[in-house]
Amino acid sequence: MDELEILKRDWKKKENSFNQVSEKEIYGMLHKTSSSIVKWILIISILEILLWSSITFFTSDDEYFKTLEMYHLNTIMPVITFVNYAVILVFIYLFYKNYKAINTTESVKALMQNILKTRKTVKYYVGYNIGMAVFGFVLVFIFQFLYDPNIRNMIDKVSESMDSNLFILLIIMIYAVIITVFVGVIWLFYKLLYGILMRRLQKNYNELSKIDF
Amino acid sequence: MRTSDEAQFVGLLKENQNIIHKICRLYTTDEDSHKDLFQEITIQLWKAYPNFRGDSKFTTWAYRVGLNTAITLYRKKKKTIDTIEFDSSFHKVKEDDYNYEEEEQLKLLYGAVSELNDIEKALVFLYLEDKDYTEISATLGISEVNARVKMNRVKGKLKKILNP
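For the record, the sequence lines run as chains A and B. Take 1 as the starting number for the first sequence in full-length UniProt numbering and just add one per residue. Take 1 as the starting number for the second sequence in full-length UniProt numbering and just add one per residue.
Bear in mind the hints are in silico, worked out from the structure with no lab data behind them. Computed from a predicted model, the values in this text were never measured in an experiment. Ideal placement from N, C-alpha and C gives every residue a C-beta, glycine not left out. One thing to keep in mind: the hints can contain errors.
As the list claims (entries may be wrong) - List of simulated lysine-lysine pairs, DSS-like, C-alpha gap at most 30 Å:
#: 1; chain 1: A; residue 1: K203; chain 2: B; residue 2: K35
#: 2; chain 1: A; residue 1: K39; chain 2: B; residue 2: K35
#: 3; chain 1: B; residue 1: K159; chain 2: A; residue 2: K24
Stated by the list, open to error - What follows is a set of in silico ranges between Cβ atoms, one per label pair, in the way DEER data are often shown:
#: 4; chain 1: B; residue 1: E15; chain 2: A; residue 2: A110; range: 24 to 30 Å
#: 5; chain 1: B; residue 1: E15; chain 2: A; residue 2: L116; range: 29 to 35 Å
#: 6; chain 1: A; residue 1: W187; chain 2: B; residue 2: I142; range: 30 to 36 Å
#: 7; chain 1: B; residue 1: R53; chain 2: A; residue 2: E23; range: 19 to 25 Å
#: 8; chain 1: A; residue 1: Y96; chain 2: B; residue 2: S143; range: 43 to 49 Å
#: 9; chain 1: A; residue 1: Y96; chain 2: B; residue 2: N117; range: 50 to 56 Å
#: 10; chain 1: B; residue 1: D130; chain 2: A; residue 2: L116; range: 46 to 52 Å
#: 11; chain 1: A; residue 1: V134; chain 2: B; residue 2: D5; range: 26 to 32 Å
#: 12; chain 1: A; residue 1: I55; chain 2: B; residue 2: N51; range: 40 to 46 Å
To be verified - Now the stretches of chain B that chain A is said to cover, found in silico as 3 or more residues with beta-carbon under 8 Å:
#: 13; region: 10 to 23
#: 14; region: 37 to 47
#: 15; region: 100 to 110
#: 16; region: 156 to 163
In isolation and in its complexed conformation, chain A is listed as follows (with noise of 0.2 Å):
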C-alpha cells in the first residue's frame, strides 16, 4: 500500500480526536491582541530611552558642562542622570515583565487581571517622568536665579528703579509660566504616545470583562 494511504487511514481514524475548545477559550484567544499592545508600550519606551539618552549624549558639550559648573550642578547633575535612567530602566523591565505575563496567561480572568497591571505600570511611569521633569526644571531654574551673575546682574540694575522683591516675584512667576508650559508639552507627548495605547488596552478590557461570564 502507498505510505500516504496509511498515513491517511490513520488521519481519518483520528479526526475528532481533540480535545475541543470551548467558546470561551476563543473569545480569549481574539483578545489577546493585549499582548501586542503591550509589547508596544515595551518598545516605546525603549525607544524613548534610546532618544532621551541620545539627546542628552549630543547636547552634552564643553558649554553644557561649564554652565552646569557656573551654577554649582556639576556633581549633583551627573548623579540625578544616572538615578533617573536607572529608575527608567527598572520600568523597561517591569514592562517586559508584562508582557511576558500577558503572553503566557491562559485564563481571561488573569489576562484583565495583567491588562491592570500594565495599566498601572504606565501610569506609574508617566508621573514619574512628569514629576522628574518638574523636579529638574525647578532645580536647574533655583541654581541658575542663585548663581548665574546675569541674573544678579539684572536684579541689581533693576532694584535701582523698581522694588527688588517685586522683581524677584515677577522673575519666579515666569518660571512658573515656563515650567508649566514645557511640563505641559511632555505631558501631551505622553498622552499622546500612551494614550493611544492604554485606550485599546482599555477596550480590551472592558471586551474581556463582558466574556468572563
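Using the hints, position chain B against chain A.
Structure of chain B alone, referenced to chain A:
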C-alpha cells in the same frame, strides 16, 4: 461590546476547529506547540475575517489562512531550530485495533512527515484531507503541475525513509 461579527466568527470557528487542530497535528510535535499554533491561527483568522466575504466556504478559507500561518511560522522557526524532536507518543495510535507492525510504520511515517519542509507538509495535509490538485493548487497558490511534481517528490521522500 461583543459584536455580532465576533459572535458569528467564534461560532464558525468552534464548529470547524478540527481543521485547525489537524493543521497543528502536522506542524507541531508536542501539545504545547499545538496549543500555541492553534491560538496563532485563530488570531490570524480573526484578523483576516473582515476580508472573508462568504463567497468561498468558511472551511476553504480557513484551510488557506491556517496553512499560510503555519507555513510562515514554520519558516521563522526553522532559522533557529534545525532538527525537531519527534514525540511519537503524541501521534500514538489508539489501543483498539493495535497492530505492532502498522504502528511502527506510522511512527516512521509521522516522523518522516515532520522532516518535510513547510510547503511539503501543507501538500501532505491537503492530500490527507482528500483535496484534489485543483483545490491544492488554489489553496497554496501554486500551479497544478507544480503541486503534482512536489507531491511526487514527497511520495519519493517518504518511500525512501520507510525503505532505506
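Checklist line | Indices of hints not satisfied (ascending) | finding: Of the numbered hints, 3, 6, 9 and 11 do not hold.
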